[in-house]
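There are 2 protein chains.
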Amino acid sequence: MTRQELINQIYRKKSCLSIGLDVDINRIPSHLIEKYDDPVFEFNKQIIDHTMDLCVCYKLNIAFYESIGVEGWSSLAKTLEYIPADIFTIADAKRGDIGNTSKMYARTFFDHMDFDSITVAPYMGVDSVAPFLEFKEKWVILLALTSNVGSRDFQHHTDRKGEALYQKVIRESQTWAESDRMMYVVGATHPEKLKEIRALVPHHFLLIPGVGAQGGTVDEVMKNAHVPDACGLLINSSRGVIYAGDDEDFAKKSRAAAMELQQEMAAYL
Amino acid sequence: MTRQELINQIYRKKSCLSIGLDVDINRIPSHLIEKYDDPVFEFNKQIIDHTMDLCVCYKLNIAFYESIGVEGWSSLAKTLEYIPADIFTIADAKRGDIGNTSKMYARTFFDHMDFDSITVAPYMGVDSVAPFLEFKEKWVILLALTSNVGSRDFQHHTDRKGEALYQKVIRESQTWAESDRMMYVVGATHPEKLKEIRALVPHHFLLIPGVGAQGGTVDEVMKNAHVPDACGLLINSSRGVIYAGDDEDFAKKSRAAAMELQQEMAAYL
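Protein sequence lines, in the order shown, are assigned to chains A and B. Counting from 47, one number per residue, gives the positions in the first sequence under the working numbering. Counting from 47, one number per residue, gives the positions in the second sequence under the working numbering.
Among the hints, a few may not be true.
Note: identical chains are not told apart, hence a pair may lie in one copy or across any two.
[Stated by the list, open to error] Once the Cα atoms are required to be at most 30 Å apart in a straight line, the calculated DSS-like pairs of lysine-lysine come out as:
1) LYS81 <-> LYS149
2) LYS59 <-> LYS124
3) LYS184 <-> LYS149
4) LYS239 <-> LYS298
5) LYS241 <-> LYS207
6) LYS239 <-> LYS149
7) LYS149 <-> LYS124
8) LYS239 <-> LYS207
9) LYS299 <-> LYS149
10) LYS149 <-> LYS298
11) LYS299 <-> LYS241
12) LYS207 <-> LYS149
Read the hints as simulated data drawn from the structure, not as lab findings.
Just chain A, with the same shape it has in the complex (with noise of 0.2 Å):
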């Protein structure tokens, strides 16, 4: 998908809701794992029936299925089939190897299935990165600033010229590619931060994960980091909008859990 693509969606939907379709097993409602046989698939599919007017986007976390075995590889495939066409896919997978073996992971991301995106992390360098840059229109959304606890250890890591390490990923990886084929992903967990990689990268898409269960909100993301007529944000809810119920109508719930945040965006866009 093109850049212009994804924001004319954005400003069709007034949305920039990224739903992550993290679908544990465990935590499915019951009546889908008695009736169907593949309940995964089904959970997606009634998720994706109930969102997709409201979402721009949806992040498979892979992890999830392969840790099913082979039948999560086949729900993974059925439920990137299944969504429309006109709607970001990102390949959650945080991959990075050495080249040859980088290669592999995209000819099975790109090729194989066909995500627009895959979520890379930037640890092993530019030649870790490169070999998912060469497919068109499909992008790199490169680990920067992440949500969780553990983003401390590391990513502040600050050299003598007051550069942490994150900022250093967000520099140098702007000559591997523009800011159509490459993003960010930038916790929301970090507020304070977004204004200053915004000013970092004033044209470059940034998935936002960390809203709703890892406690970031939306409007201090779009106050932040919005970038005027292109949006640039693309916000993710995983649990909070596919675990919003746990029973018969839990595709409704999560319909209602989307539509609040999709809400929240419009009136930015």
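Add chain B to chain A, keeping to what the hints say.
For chain B alone, coordinates are given in the frame of chain A:
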């Protein structure tokens, strides 16, 4: 596997060789593709049959299996099953995510599959690593200084006190687990750094990729980082061993390549 069992195996075999089963379906001998339903497993099986007395570890690069799709996961599971129980196994996956996601990855590789260890990227800090440390006799192999060109981009980012990121990763992570649960990845392509890292972690095992195809030598590694009476090293070769031949005799040639490395190691063990 315990540290002592690993050490015992190393001195019994006079080898600290890890063989990387990074099997690219496009590079395996054509007669296997023609004859076998699962040519990737057959390739691995023959390599294992011909090398298991010469190495103490097999490292399975998950990217290569994942890229084949569902069949790849089946080849991976069969290969892991086939490796003799007294040989150390590494899921070379370079995972690392927020806690609830890392927990899923840990379940995949330690519960559903029975790997002894997994490689983990440190970028997201302690809570991205901790879930892997909850499994008894299972190991985390944390990326410190990798073997690729891109290792220069961020791993050398140095603070006011002169501490580089890879040094900080090694120092901080020692508070997360002891040398019986944690190893570090240090590329053989940085021989000048091996001695320095050994001084930081006098007892920990180091997993050393980058011998062979990437240019490092066994002799340099052993001289700089070998620990008397504990060895403290797993030196990995992937392409140099498994693609030593490309015909019907590929497994014999892989044995010859493995033996050459093992004999260089034996002088120190």
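Results for each hint:
Within a single copy, LYS81 and LYS149 get their C-alpha atoms only as close as 39 Å, which misses the 30 Å cut-off; across copies the closest is 28 Å, which meets it. Within a single copy, LYS59 and LYS124 get their C-alpha atoms as close as 25 Å, which meets the 30 Å cut-off; across copies the closest is 47 Å, which misses it. Both within a single protomer and between protomers do LYS184 and LYS149 lie at most 30 Å apart by alpha-carbon distance, with minima of 14 Å and 28 Å respectively. Taking CA atoms no more than 30 Å apart as the test, LYS239 paired with LYS298 passes in neither setting, with 35 Å inside one copy and 57 Å between copies.
When the C-alpha separation of LYS241 and LYS207 is checked against a cutoff of 30 Å, the pair qualifies both within a copy, at 20 Å, and between copies, at 28 Å. Proximity of LYS239 and LYS149 under a CA criterion of 30 Å is satisfied inter-copy only: 28 Å between copies versus 32 Å inside one chain copy. Proximity of LYS149 to LYS124 under the C-alpha cut-off of 30 Å is found in both arrangements, the shortest distances being 24 Å within a copy and 24 Å between copies. In this homomeric assembly, LYS239 and LYS207 come within 30 Å of each other (Cα to Cα) both inside a single copy, at 18 Å, and across copies, at 24 Å.
Taking CA atoms no more than 30 Å apart as the test, LYS299 paired with LYS149 passes between copies only; the shortest distance there is 27 Å, against 40 Å inside one copy. With identical chains, the CA atoms of LYS149 and LYS298 are at most 30 Å apart between copies only, with a shortest distance of 29 Å across copies and 40 Å within one. For a Cα distance limit of 30 Å, the shortest separation of LYS299 from LYS241 qualifies neither inside one copy, at 33 Å, nor across copies, at 58 Å. In the homo-oligomer, the alpha carbons of LYS207 and LYS149 never lie at most 30 Å apart, since the shortest distance is 34 Å inside one protomer and 37 Å across protomers.
The earlier numbered hints that this structure contradicts are 4, 11 and 12.
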